[in-house]
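Colleague: So the chains spell out like this:
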Amino acid sequence: MNPRLKRRPRRQRPRLITKQHQHRLIAGTSCVLLGISLGLGLRFQASAASANEDLCREIISSQAVLSRQQLTQLLTVPERENREAIEAIAKDPYCTLDEIAVRAGVEAERAAYPLAFDPDTWLVVLYEDEEYAGYDVKLHH
Amino acid sequence: MTLSYITRRMGPLVGGALLMLAACQSSPIPSRNITVQQTWELQVGNQIGDYRIISGLGDITLDLDGDPVQIPFDGEIQPMDEHCVAFTSPEVPAYLFRLCGISRPSLGQRHRGHVIGRAERLVFAAFRKEPDGTWALIEPATDLIEQFLME
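Residue numbers (my numbering), protein chains in the order written: chain A, 1 to 141; chain B, 1 to 151.
These aren't lab readings, by the way, just hints derived from the structure by calculation.
Just to be clear, a hint being listed does not mean it is correct.
Result set (EDC-like, lysine to aspartate or glutamate): computed pairs, CA atoms no more than 20 Å apart in a straight line [to be verified]:
id, chain 1, residue 1, chain 2, residue 2
1, A, Lys138, B, Glu151
2, A, Lys91, A, Glu109
3, A, Lys138, B, Glu76
4, A, Lys91, A, Glu58
5, A, Lys91, A, Glu131
6, A, Lys138, A, Asp54
Stretch by stretch, here's where chain A covers chain B in the computed footprint (C-beta under 8 Å, at least three residues) [stated by the list, open to error]:
id, stretch
7, 102-109
8, 140-151
A short list of chain A residues far from chain B (calculated; beta carbon distances all over 12 Å) [as the list claims (entries may be wrong)]:
id, residue
9, Leu25
10, Ile60
11, Ser62
12, Gln69
13, Gln70
14, Glu84
15, Val106
16, Arg110
17, Thr121
18, Trp122
19, Lys138
20, His140
As the structure is a computational prediction, the values presented were derived from the model and not from experiment.
Backbone N, C-alpha and C fix where the C-beta goes; we use that ideal spot for every residue, glycine too.
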């Protein structure tokens with residue numbers, strides 16, 4: 001018998017991992033990785049949102065957001081202005097924060113407004129003795 | 001031929017690596033400069049003869065004896081003057097806290113409870129933003145200072 005003929009069937013035997021298998025493996029792995037990254041992304045997003053929620057002591061108006069126009073108007077209000085000057089522009093805040101005393105003998109009240117066009121960004125304003133003391137921006141991205 | 005092949009294949013790799021390095025490198029935190037409303041001559045950072053003033057009117061000096069100092073809110077720690085840091089938090093608008101005497105302070109954006117460092121003598125001052133953009137030294141509440149300390 002010719003040894004060449006003997007070897008032939010061995011060559012034709014299907015390989016354990018064919019090209020098709022490889023493609024499937026790559027596609028599967030990509031899907032799993034994509035899933036993991038999506039899951040992680042959502043988780044981070046959720047934790048960012050809850051981090052902002054943690055700031056709140058009491059929800060005042062769950063639908064409250066600040067439009068671009070309101071934000072622009074708010075920024076023109078000078079510090080030491082009456083509290084009503086802010087509330088006339090922004091109405092009810094989303095929530096209030098814990099009261100704190102920064103200055104000796106004065107309680108500070110704080111209110112937070114999410115931005116309508118960027119809800120993960122909040123404008124925090126601080127009042128002392130019915131007086132507007134200032135604002136800051138809290139980012140959660 | 002081989003060289004061009006290598007550069008063609010390695011070019012994007014090297015570029016990517018450099019980009020990653022650039023992204024990882026943290027830029028130095030800029031120093032915080034404020035104009036204090038009170039125009040007192042004897043202020044932290046000024047000199048009397050050859051000596052630097054390390055605490056002035058409006059500063060509270062605490063004998064910490066090497067104990068840690070923490071931040072009570074999420075916020076940013078920046079270098080300020082010499083031997084001092086500024087702490088500001090978006091949760092406490094219109095205020096800035098100056099802490100001097102902390103050795104090797106950790107700077108940057110940090111979360112509540114983060115330890116800035118340890119101090120033998122902590123010199124604490126609180127400033128409130130004025131409508132003209134200056135910062136006025138104010139008397140801080142005892143409760144507030146307490147929150148910077150770890151009992």
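Colleague: A separate judgement is required for each hint: does it hold in the structure or not?
Modeller: How the hints compare with the structure:
Note on Lys138 (chain A) and Glu151 (chain B): the hinted pairing is violated, with a Cα-Cα distance of about 29 Å set against a maximum of 20 Å. Between Lys91 (chain A) and Glu109 (chain A), the direct Cα distance comes to roughly 15 Å. Compliance with the 20 Å bound is thereby established for this hinted pair. For the suggested pair Lys138 (chain A) and Glu76 (chain B), the alpha carbons sit about 12 Å apart, so the restraint of at most 20 Å is met. With a C-alpha separation of about 16 Å, the suggested pairing of Lys91 (chain A) with Glu58 (chain A) holds against the 20 Å cut-off.
In summary, the hint linking Lys91 (chain A) to Glu131 (chain A) is supported, as the alpha carbons are separated by about 16 Å, within the 20 Å threshold. Proposed proximity of Lys138 (chain A) and Asp54 (chain A) is supported: the alpha carbons are some 13 Å apart, at most 20 Å. Chain A is given as covering the stretch 102-109 of chain B, and this is violated because 0 residues of the stretch bring a CB closer than 8 Å to a CB of that chain, at least three being needed. A count of 5 residues in the stretch 140-151 of chain B with a Cβ less than 8 Å from any Cβ of chain A is obtained; the coverage claim is therefore met, three being the minimum.
With a least beta-carbon separation of about 24 Å from chain B, Leu25 (chain A) lies farther than 12 Å from that chain, consistent with its non-interface assignment. No beta-carbon of chain B is positioned within 12 Å of the beta-carbon of Ile60 (chain A); the least distance is around 17 Å. The beta carbon of Ser62 (chain A) is kept farther than 12 Å from every beta carbon of chain B, the shortest such distance being approximately 20 Å. The beta carbon of Gln69 (chain A) is kept farther than 12 Å from every beta carbon of chain B, the shortest such distance being approximately 21 Å.
Non-interface status of Gln70 (chain A) relative to chain B is upheld: no Cβ of that chain comes within 12 Å, the nearest being about 17 Å off. The Cβ of Glu84 (chain A) sits about 17 Å from the closest Cβ of chain B, beyond the 12 Å cut-off, so the non-interface label holds. At roughly 8 Å from the closest C-beta of chain B, the C-beta of Val106 (chain A) falls inside 12 Å, breaking its exclusion from the interface. The non-interface label for Arg110 (chain A) is inconsistent with chain B: the shortest C-beta to C-beta separation is roughly 7 Å, within 12 Å.
A beta-carbon of chain B comes within 12 Å of the beta-carbon of Thr121 (chain A); the shortest separation is about 10 Å. In this structure Trp122 (chain A) is not separated from chain B by more than 12 Å, as the shortest Cβ-Cβ distance comes to only about 8 Å. The beta carbon of Lys138 (chain A) is not kept farther than 12 Å from every beta carbon of chain B, the shortest such distance being approximately 4 Å. Once the 12 Å rule is applied to beta carbons, His140 (chain A) is inconsistent with being away from chain B; the minimum gap is 10 Å.
The structure is inconsistent with the numbered hints 1, 7, 15, 16, 17, 18, 19 and 20, although it conforms to all the rest.
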